[in-house]
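> Hints in hand, dock the two standalone chains.
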Amino acid sequence: MTMKTPYEVNTTKLISIVDESSTIRTFRLEPKPIEFKAGQFAELAVPGVGEAPFTQSSSQYDNEKMEFTIMKVGRLTSALFNLKPGDTVGVRGPYGKPYPVEKFKGKEVFIVGGGVGFAPLRALFLTLLHKVDDYKKIYIRYGARTPDDIIYKQFIPEWSKLDKVDIKMSVDVGTKDWQGKVGVVTVLLDEIPVSITDSSVIVCGPPIMIKFVTKKLLELGFPGSNIYLSMESNMSCGIGQCNHCRIGELYSCKDGPVFTWDQIKHIKDPFI
Amino acid sequence: METYFLPEERFFPFVLRLTEENDVFGQSKRHIRKFRLEAKEPPLFDGFRTVEPMKHFFMQTKEMVAKFGEPLEKEISSQVIIGARRCDLQALKVYDKVFLEGEVVDPFYKERREKTTIISVDCEEPTETCFCNIMGLEPWSEKDSDINLTPIKKGYIVDIITERGNLLFGSSRDWLQTVDENDLDQRAEKRQKAMEMLGKINSEYINIKLEKALETENMKARKGEPMNCVECCACLMICPTCYCYLLYDEPTKERMRVWDACYYPAYARVGGGANPRPDVMERFKNRFACKFEYSPKNHKLFACTGCGRCISGCMAKIDIKRVLSQLVNASSQKEEI
Numbered sequence: 015m016t017m018k019t020p021y022e023v024n025t026t027k028l029i030s031i032v033d034e035s036s037t038i039r040t041f042r043l044e045p046k047p048i049e050f051k052a053g054q055f056a057e058l059a060v061p062g063v064g065e066a067p068f069t070q071s072s073s074q075y076d077n078e079k080m081e082f083t084i085m086k087v088g089r090l091t092s093a094l095f096n097l098k099p100g101d102t103v104g105v106r107g108p109y110g111k112p113y114p115v116e117k118f119k120g121k122e123v124f125i126v127g128g129g130v131g132f133a134p135l136r137a138l139f140l141t142l143l144h145k146v147d148d149y150k151k152i153y154i155r156y157g158a159r160t161p162d163d164i165i166y167k168q169f170i171p172e173w174s175k176l177d178k179v180d181i182k183m184s185v186d187v188g189t190k191d192w193q194g195k196v197g198v199v200t201v202l203l204d205e206i207p208v209s210i211t212d213s214s215v216i217v218c219g220p221p222i223m224i225k226f227v228t229k230k231l232l233e234l235g236f237p238g239s240n241i242y243l244s245m246e247s248n249m250s251c252g253i254g255q256c257n258h259c260r261i262g263e264l265y266s267c268k269d270g271p272v273f274t275w276d277q278i279k280h281i282k283d284p285f286i
Numbered sequence: 161m162e163t164y165f166l167p168e169e170r171f172f173p174f175v176l177r178l179t180e181e182n183d184v185f186g187q188s189k190r191h192i193r194k195f196r197l198e199a200k201e202p203p204l205f206d207g208f209r210t211v212e213p214m215k216h217f218f219m220q221t222k223e224m225v226a227k228f229g230e231p232l233e234k235e236i237s238s239q240v241i242i243g244a245r246r247c248d249l250q251a252l253k254v255y256d257k258v259f260l261e262g263e264v265v266d267p268f269y270k271e272r273r274e275k276t277t278i279i280s281v282d283c284e285e286p287t288e289t290c291f292c293n294i295m296g297l298e299p300w301s302e303k304d305s306d307i308n309l310t311p312i313k314k315g316y317i318v319d320i321i322t323e324r325g326n327l328l329f330g331s332s333r334d335w336l337q338t339v340d341e342n343d344l345d346q347r348a349e350k351r352q353k354a355m356e357m358l359g360k361i362n363s364e365y366i367n368i369k370l371e372k373a374l375e376t377e378n379m380k381a382r383k384g385e386p387m388n389c390v391e392c393c394a395c396l397m398i399c400p401t402c403y404c405y406l407l408y409d410e411p412t413k414e415r416m417r418v419w420d421a422c423y424y425p426a427y428a429r430v431g432g433g434a435n436p437r438p439d440v441m442e443r444f445k446n447r448f449a450c451k452f453e454y455s456p457k458n459h460k461l462f463a464c465t466g467c468g469r470c471i472s473g474c475m476a477k478i479d480i481k482r483v484l485s486q487l488v489n490a491s492s493q494k495e496e497i
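Chains as they are written, first to last, in our numbering: chain Z, 15 to 286; chain C, 161 to 497.
If you're looking for bench data, these hints aren't it; they were derived computationally from the structure. Even for Gly, the Cβ is constructed at its ideal location relative to N, Cα and C. Don't take each hint at face value.
Unchecked claim - Calculated Cβ distances over 10 Å to all of chain Z for the following chain C residues:
#, residue
1, E169
2, N182
3, D256
To be verified - Straight-line distance between alpha carbons at most 20 Å, and here's what the computed PhoX-like set of lysine-lysine pairs gives:
#, chain 1, residue 1, chain 2, residue 2
4, C, K457, C, K253
5, Z, K178, Z, K121
6, C, K227, Z, K18
7, C, K413, Z, K98
8, Z, K27, C, K413
Chain C with its partners taken away, still in its complex shape (with noise of 0.2 Å):
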């Protein structure tokens, strides 16, 4: 890993180059939390994550996957994504684990990734939803993404981590400095300072040992919280980590694949009907498990990154950490009898 200063005039200079080459998305004044930036409008980061995730860059919402008897035609053009935080990254991890190293490789999600540079930015204030502490996360990265940025004062400290992010930087090369002490003690300050700020937030749920949440028959428990879901499916379909897609194929005889969520009632209806899980708390359980026990069965990873999008996307306020909490907390009492 390299790391420079790049001064701040330099910077938008830069996003300019790259979209010559690529095309290019990140927060913007305009379409702030968005992944939207129009041309000649300067990236902003303000402060902790996008409310939509990334994973759409990587599958789209919905997409042609096959067609009835032809071959397949698809071009798929190289990006950049500027501004993905600590929790997008990980839950990148969850897609690489089903996508990329699972017995059959999906292919497009292979040649997306193959042709999308990722630019990472510290998170210099989380959020009350922000929990990526509790699951074991930094709010930035050293390693997960090609370049990774911290904002400091009249620049950025820029950390050149794969020959990918090297490549980008190419004829922009010239307009990065050497990195002095100062830059790096200010860096250091900061990431405390993030550090801090989720402790707080995060102070009543610090303690949460997730493996204890992992004993899903303490969902019985937890009559209440779940009840007031309305199964709007916002949660899954803003979480990052979420991938369930579905197939359906189109009169024109094209193979669709779209997003899917397990929240809704037909999700695993079979042909003749039967449901396994008819019931809604049947449901928020088996999303529970799935992101705190199959996952780390199958991937050895938590599906879930400490994003909070899902507390921020859901109406019937339901509160991921909360609802964790209590799982322990009911764990705890039945060790207790």
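Chain Z extracted, bound-state conformation (with noise of 0.2 Å):
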């Protein structure tokens, strides 16, 4: 008998392979696989290989593509980085809960990314856009470790344009060239020109980077409540049942992998 399981892809072609710095890559899916909501993440697989989780980096309201950033980092990805435009790869998904925004509606946005981190925030960012309106004002802050790394390029100065936008970066390491802050992006922080008790704050990036970055919010006195924490963990199944991504008793791929602090600071160590 045909048994329907959770474990099925929706297959897809790869369409295009965008280069954005020397080890991400953005990868452009067609037709749409799944439908998702920012936030959301997907089980990315190549056949005969693996699966792993990735979050989306297009707009959930695209309807023709679908479109992930990943950094090469290990087996499955550097399988990724092997594929050519034309072959097949398979989704399952969308799991976990997107990011609140209605929640943001009226409020300043304030988004802070590191690295490749950006990918999961440039859905977020382009979901808002969407309506833009409903929103006070989007500040980006995003930190690369050299202006190579920094993703996203080609879209950046067009969104900079925008009135409700206000983007600005650092580098850990600067160039010549470089003239925006230069140091960890936790400098990005030495001016918050947002409301501390009553904006939206949406960190994601290494761990690492969101460990310091959600010290320092709470230290500048933000609700933990209002600061939405992207935890990366080990999301396997995608359905709460592997146990793989788990943190305490939460598991980031069916009750994340977007959190709130307050969600998850009773966890001794949450971050990786």
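Right, dumping it as structure tokens:
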């Protein structure tokens, strides 16, 4: 008998690959294999190799395609980097809870990203842009290791010109031409342009960056219920069963991957 | 529930009839403490639980769960398990919570659960590792299986608990006799004796307040015993409530699901190599937290049934009862401070 299982993928084609930096690429898939909302994630499979969890970096309102911006770090991502346009991949999902954008309405949205962690934030940013008048203003603070490691270089100048968008960037190691700040991403938090008590702060990046950004935000007085963190963990099944992604009693895959600080603050050292 | 008496000489023919339409598993003389009933071999009940847990009847150790780009064809046959104990049945409740009552139902588990009839049996002689009494259970079941058997002189008291259990008796129904007062007295006496044995075995631990063990911070106080762990994962593989699994794809594009265990160093490691629990002590704490803190929070059940298999399986002689009691003691000391 034919069994419908939660582990089946929807197949789609890899249409194009954009080099964002030496280790980061954006993979464009068409047709859009699944519906999703910004902040949710999907399992992306390379046939015969395996699958891994990634958050989409394209807009949830894009009905044609789906994009993932991915850093080459391990076995599966290496296999992804070996794919060519035209190759078949599989996607299953969406999993997890999306960013609660309804709660951001009428507020300043303060987005803090680090490295490839900007990928899910781009999906959120594009979603916010879709109804930009719903929000007071969108601030992006983005840090990368070097100017070369900055992703979405082709879009950032365009986004910076938008009325309700304010973007500032920092790099750990600058170059002669670099005009932004130099230092880890927390240097961008020296000036806080938003209301501390009534803005929504969204953070995504390497766990160590999230840890220090969260610490700084709390020191500045941001309420834990307004700080949204993307928690990286080994989300294998995506459906809250296999247990690999557990953070305390919570599951990154079904309760997250975005948690408010208040949701996870009782867990001892929640950052990897 | 209906209660009958089944004479000893009718029990084996009843089992033989079951084999005509089902895969039948139970303990036997040749494969004691395993669910391996070979053809024309009577089941044997030997005082307490099997060594192997029952979980592989519902979630196989390795199983194809999807195929890339193709529908999955699979047949699951009906099965009868003879000789489940209370600890095994309690463990299935944890599995049910995860695989049937969560946001996503596991189709394989559901199908197997629906096609499995469970005949439980009372534990007459709990062994040294048993501690179901500490977990708030009795060594017999009155409602969590389809049929329950209590061995008494010259036969069995048979409780038919569910409709599925009722159907199983089908053509063997004539063999069931009315149960008399004497039979029931024998059962009460046997059950009391088993409870007393458990009380004696666990006299040191009988007053453990498990909610105290939940304060997993106390794991810090326990450096000694857990440090002997060699990470063989026997305790987790043999645990009837552990359900962690790993998904991987074969080069043939078959997606496989295999049992996994949270003691393995790479268990929670992410793609870039970062690991939330690189140290064995962290993983040890996680196991205890999973069973005694997270499961009650998520499922309102301890993910431990007191079967004691992990004690039997541990080559480092780590005793979950002892660790729990030390945790509780550490907690009490903290309170005094």
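> Compute the least Cβ-Cβ separation between E169 of chain C and chain Z, then decide whether it is above 10 Å.
holds (40 Å)
> Check whether the Cα positions of K413 of chain C and K98 of chain Z lie no farther apart than 20 Å.
It holds: about 19 Å lies between the C-alpha atoms, which stays within 20 Å.
> Grab the minimum beta-carbon distance between N182 of chain C and chain Z and tell me whether it stays above 10 Å.
holds (18 Å)
> Is K178 of chain Z within 20 Å of K121 of chain Z, Cα to Cα?
Roughly 12 Å separates the two Cα atoms, so the pair holds.
> Mind verifying the non-interface call on D256 of chain C? Its CB should be farther than 10 Å from each CB in chain Z.
Label holds. Min Cβ-Cβ 12 Å, cutoff 10 Å.
> Between K457 of chain C and K253 of chain C, is the straight-line Cα distance small enough, at 20 Å or below?
Holds, at roughly 15 Å.
> Is the Cα-Cα distance between K227 of chain C and K18 of chain Z 20 Å or less?
Given that 20 Å is the threshold and the Cα spacing comes to 11 Å, the pair holds.
> Hey, K27 of chain Z versus K413 of chain C, does the alpha-carbon distance stay inside 20 Å?
OK: K27 of chain Z and K413 of chain C at ~17 Å, within 20 Å.
Violation of the numbered hints given earlier is absent; every hint is satisfied by the structure.
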